[in-house]
Structures are given as structure tokens and as C-alpha cells.
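The listed protein sequences derive, respectively, from chains A and B.
By the count of this note's numbering, the first sequence reaches residue 714 at its end, each step adding exactly one.
By the count of this note's numbering, the second sequence reaches residue 286 at its end, each step adding exactly one.
Possibly wrong hints are sitting among the right ones.
[Claimed, not checked] Okay, derived cross-link-like pairs now, SDA-like style, lysine to any residue, Cα gap no bigger than 25 angstroms in a straight line: (1) A:666 / B:171; (2) A:666 / B:185; (3) A:672 / B:156; (4) A:541 / A:527; (5) B:121 / A:535; (6) A:666 / B:159; (7) A:541 / B:93; (8) B:283 / A:523; (9) A:672 / B:153; (10) A:541 / B:102; (11) A:579 / B:150; (12) A:709 / B:103; (13) B:121 / A:542; (14) A:666 / B:151; (15) A:541 / B:124; (16) B:121 / B:204; (17) A:532 / A:630; (18) B:121 / A:523; (19) A:666 / B:152; (20) A:672 / A:575; (21) A:541 / A:642; (22) A:666 / B:245; (23) A:672 / B:174.
Just so you know, the hints here were simulated from the structure itself, not pulled from any lab data.
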Amino acid sequence: MHQSVSSGWPRAGSVRHRVACEYCDTLHEVLLLPEGKAAHCTNCGKLLYQNRPESLQRAIALGVSVLLLTGLMMFFPFISLDAKGVESRMGIVGAVVHMWEAGSPLVSLAVGLFVLGLPIFLGAGLLFLCLPLSRRRYLPGMEVVMRLLQATEHWVMVEVFFLGALVSLLKLVKLAKVELEIGFWSMAGLMVCLAGALAGIDRLELWDRIEHAKERRER
Amino acid sequence: MRAVDEGLASCHTCGRVESASHHRCGRCGAALHVRKEASLQRCLAFGFAGILAYIPANVMPIMIVNQLGIEQANTILGGVFTFWRMHAYPVAITIFIASVLIPGLKFVSLGLLCAAAAGKLRLEGRLANTMYYLTELVGRWSMVDVFVVVILAGVIQLGNLMTIQPGGASLAFGLMVILTMLSAHAFDPRLIWDRLNKEPI
Ligand SMILES: [Zn+2]
Ligand SMILES: [Zn+2]
Chain A
496 MHQSVSSGWP
506 RAGSVRHRVA
516 CEYCDTLHEV
526 LLLPEGKAAH
536 CTNCGKLLYQ
546 NRPESLQRAI
556 ALGVSVLLLT
566 GLMMFFPFIS
576 LDAKGVESRM
586 GIVGAVVHMW
596 EAGSPLVSLA
606 VGLFVLGLPI
616 FLGAGLLFLC
626 LPLSRRRYLP
636 GMEVVMRLLQ
646 ATEHWVMVEV
656 FFLGALVSLL
666 KLVKLAKVEL
676 EIGFWSMAGL
686 MVCLAGALAG
696 IDRLELWDRI
706 EHAKERRER
Chain B
86 MRAVDEGLAS
96 CHTCGRVESA
106 SHHRCGRCGA
116 ALHVRKEASL
126 QRCLAFGFAG
136 ILAYIPANVM
146 PIMIVNQLGI
156 EQANTILGGV
166 FTFWRMHAYP
176 VAITIFIASV
186 LIPGLKFVSL
196 GLLCAAAAGK
206 LRLEGRLANT
216 MYYLTELVGR
226 WSMVDVFVVV
236 ILAGVIQLGN
246 LMTIQPGGAS
256 LAFGLMVILT
266 MLSAHAFDPR
276 LIWDRLNKEP
286 I
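Extracted from the complex, chain A is given alone in its bound form:
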């Protein structure tokens, strides 16, 4: 029984387990999937749920990496310039502060939130959920954190910022000697880890694990 809970998801045989397609509302019975497989809507083909292998362990590893890389990105410079002896160096935090001082506080806030704040929240939130859940422990507040994670995940824009950095580089190389710094490479890594963290665990699985851990505590 315990084995099937930790390795197999969703829980088979639970009467409550039905799922409605997000796009067309067709009702489906939830079946126990082999690892790595996904279930799709029989009516419209939309993805219903997946059974990702080693989902909790991966989420923990990626959550730690996201926090570390965001830290590196914040404390190290991103790009440095050398234009005929005049040097200039930019870090992400510096760019956000500069935007505020240049009279665009809202743009500054948006960048701070979408590129720094939300990735940190996502990494920390995943750890807060997955560390206890990997031992089938429930903590109060897990539902709130999970809801916030779901509400904010669309707003993480690290990969968009990275594309912006690439476009900027093409402008900059015409002006000066450009050096890519640690912050730049941290962001490249962060982009990969965030994509992995978001794709590596199914939302319904996480909710189901939270519910199961809570029931187990109350018993």
C-alpha cells in the first residue's frame, strides 16, 4: 500500500477520482498510469494528467537549483561593456534599481517580480511542498502555497528576459567590447531548471499528494 502511494500516481481505486477536461468538460475516470505516460481527453485531446517519473525528487533538486541560480544571478554582474576605455557593468538588481531611478517604477517592479521575485517564490514553494510530501508529511498552509504557485507560474518570464538579453547583445556588440558575466550564465541555467521544474510534476498529482498526506495525518 505505502509503496504504491510513493511510486504510483494517481491512487487507483479511489471512488472520488474523476477528472473533467479543462477545455471541454468531458468527465473521465482517473486510471493508474505507467511512469512517464500521460492521459488525454477522449473528446478533444487535451492533456488531462501525467505520471512523471521521480517527480518529487526532481522537483526538490530543481527547486534547490532554482534558488541557487537566482542567488548567483542577483549577486554577480550580468554583462560588462568596454567602450574605448569607458567601462560599464550591469547586474539584474542594478538594472531594476536603475529603471526605478530613471522614472519607470512600474516597469522596474514588473521586472523585479517576473524575473527575480517569482522564480524565488517558485523554487521556495516547490521545496516547501515537496520536501515534506516526499515523506508523506502534511504541513498547514500547503494548499495556500500550491494555489499561489499555480496562480503565479504563468508570470515567470526568465526565458523571455533571456531572449531580451540576446537581442540586446546584438545591439551592444556594435557599440563596445561586451563580456558575458556569471549572472548571464546563471540565467541560462535558471531558464533550464525552471522549465524542468514546471514540466516535471503534474498539478493534479501534487494536489492529490497534499490531500493524501493530510488525510494520513488526520487518521
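Dock chain B with the ligands against chain A, hints included.
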């Protein structure tokens, strides 16, 4: 069989299927609705606000370059042309797609989806799904030009040689992206399938 036909609602947050008579989801505590609340109204309101922001975003300068004391205001389309003339075609095309084409297509797509959900237009279900999926997926990428300004203004602080100030369009453009993302998020694709179920072919 749809959930609504069985008197069931699936939670928008956690996906749990519950009796539609409940007000709150028993698992995550979110308010329970059979369909997203006031979906069309919210989608259209955010969409029109987004179109309003799209105008200054393209007319106002996105950044002001001060080179050796000479100020030059650049608009987004101006930037596309500059890159094109510099023969930097991939960059020109990237900026054009992210800043002009994607927002435009998003407005069209959301308009068509709303029309279909309101019964003014017949849209095939799977096509509507694909349109909605893509609209949600590409939304964030329009932010790229705002980030370019943030990066350039942050890094090019070369004293008298050259500085870059953000222009009014950077705010308008950021707002436009946020508003269209909210608009897409408010839309409920099930409304289109409800129409298709009501009027069988
Ligand atoms: Zn479906
Ligand atoms: Zn719920």
C-alpha cells in the same frame, strides 16, 4: 459525458470534481464554479484595455538614446527598421514577431474565441482549443522589448558617451502584455464546447 451534465463542477484550481451545489472546493478552498465566473465580460474588458494600451505602445518612444549630447527617441517599429537596415534580419524579425505580430494575433484570436463563445461565430472545437492554447502560450513573449530596454538602459551608462532612458512606450507595452495575459486567462474554452453541445450538427 460532461461534468456539468452530471451536476458536477471541477475546481479551477486543483481539478477536484465536486457537486456543483458546493460553494467552495473541499480540497483547496477555492470558490467553486461550473464555468469561470463572468468569463466573457472579463476577457473582453481586459482585451479592450489591452488594445487601448497597444496604441501608445507603438506611437510613443520605447527608449531615448542620448549619444554625445544628441537625443534620439526610438519607437518599436523604428527599431525593427533600424535592425533591418543594418542587415540584422533575424533580430528585426524576432522583434517584429514578438512586439507587433503576436499582440495583434492575440487580439484577433481572443476576439474570435469570444465571438464563438457568445454564439456569433461557429468555430470547430479542436481549432478553438488550439487557438486558445497558443494564445496562452505566446502571451509572455511580447514582453521581450520591455526587457531589452531595461537591459540596455542598465548596461549603457557610459557617462557623456552614451546613456539610454526608458520611454513612455515601455510602460504602455508592459501594461498591454499584462492586460492581454489577464484577458486570455479569463477566457473559458468550455463555453465554446457548451455551444457545440447545445446545437448538434
Ligand atoms: Zn476535452
Ligand atoms: Zn480545488
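Hints, verified against the model:
Simply put, residue 666 (chain A) and residue 171 (chain B) have alpha-carbon atoms about 10 angstroms apart, close enough for the 25 angstroms limit, and the pair holds. Simply put, residue 666 (chain A) and residue 185 (chain B) have alpha-carbon atoms about 19 angstroms apart, close enough for the 25 angstroms limit, and the pair holds. For a cut-off of 25 angstroms, the pair hint linking residue 672 (chain A) to residue 156 (chain B) stands: about 23 angstroms separates their Cα positions. For the hint linking residue 541 (chain A) to residue 527 (chain A), the alpha-carbon distance of about 18 angstroms falls within 25 angstroms, and the restraint holds.
Under the criterion of a C-alpha separation no larger than 25 angstroms, the hint pairing residue 121 (chain B) with residue 535 (chain A) is consistent with the structure, at around 22 angstroms. Straight-line distance between C-alpha atoms of residue 666 (chain A) and residue 159 (chain B) comes to about 13 angstroms, which keeps the hinted pair within the 25 angstroms bound. Restraint check: the Cα-Cα separation between residue 541 (chain A) and residue 93 (chain B) comes to about 19 angstroms, which is no more than 25 angstroms; the hinted pair holds. Restraint check for residue 283 (chain B) and residue 523 (chain A): satisfied, since their Cα atoms lie roughly 21 angstroms apart, inside the 25 angstroms limit.
Proposed proximity of residue 672 (chain A) and residue 153 (chain B) is supported: the alpha carbons are some 18 angstroms apart, at most 25 angstroms. Between residue 541 (chain A) and residue 102 (chain B) the alpha-carbon distance is near 17 angstroms, which keeps this suggested pair within the 25 angstroms criterion. Proximity of residue 579 (chain A) to residue 150 (chain B) is assessed by CA-CA distance (about 18 angstroms); at most 25 angstroms being required, the pair is judged to hold. The hinted pair formed by residue 709 (chain A) and residue 103 (chain B) meets the criterion: a straight-line CA distance of about 18 angstroms does not exceed 25 angstroms.
A hinted pair counts as satisfied when its Cα atoms are at most 25 angstroms apart, and residue 121 (chain B) with residue 542 (chain A) qualifies at roughly 19 angstroms. Under the criterion of a C-alpha separation no larger than 25 angstroms, the hint pairing residue 666 (chain A) with residue 151 (chain B) is consistent with the structure, at around 15 angstroms. Between residue 541 (chain A) and residue 124 (chain B), the direct Cα distance comes to roughly 20 angstroms. Compliance with the 25 angstroms bound is thereby established for this hinted pair. With a CA separation close to 17 angstroms, the supplied pair residue 121 (chain B) and residue 204 (chain B) stays within the 25 angstroms bound.
Proximity of residue 532 (chain A) to residue 630 (chain A) is assessed by CA-CA distance (about 24 angstroms); at most 25 angstroms being required, the pair is judged to hold. As the CA atoms of residue 121 (chain B) and residue 523 (chain A) are separated by approximately 20 angstroms, the hinted pair is consistent with the 25 angstroms bound. Of the supplied pair hints, the one linking residue 666 (chain A) and residue 152 (chain B) holds, its CA atoms being roughly 14 angstroms apart against a limit of 25 angstroms. Note on residue 672 (chain A) and residue 575 (chain A): the hinted pairing holds, with a Cα-Cα distance of about 8 angstroms set against a maximum of 25 angstroms.
As the CA atoms of residue 541 (chain A) and residue 642 (chain A) are separated by approximately 22 angstroms, the hinted pair is consistent with the 25 angstroms bound. A hinted pair counts as satisfied when its Cα atoms are at most 25 angstroms apart, and residue 666 (chain A) with residue 245 (chain B) qualifies at roughly 19 angstroms. Distance restraint check for residue 672 (chain A) and residue 174 (chain B): the Cα-Cα separation of roughly 22 angstroms lies within the 25 angstroms cut-off, and the hinted pair is therefore satisfied.
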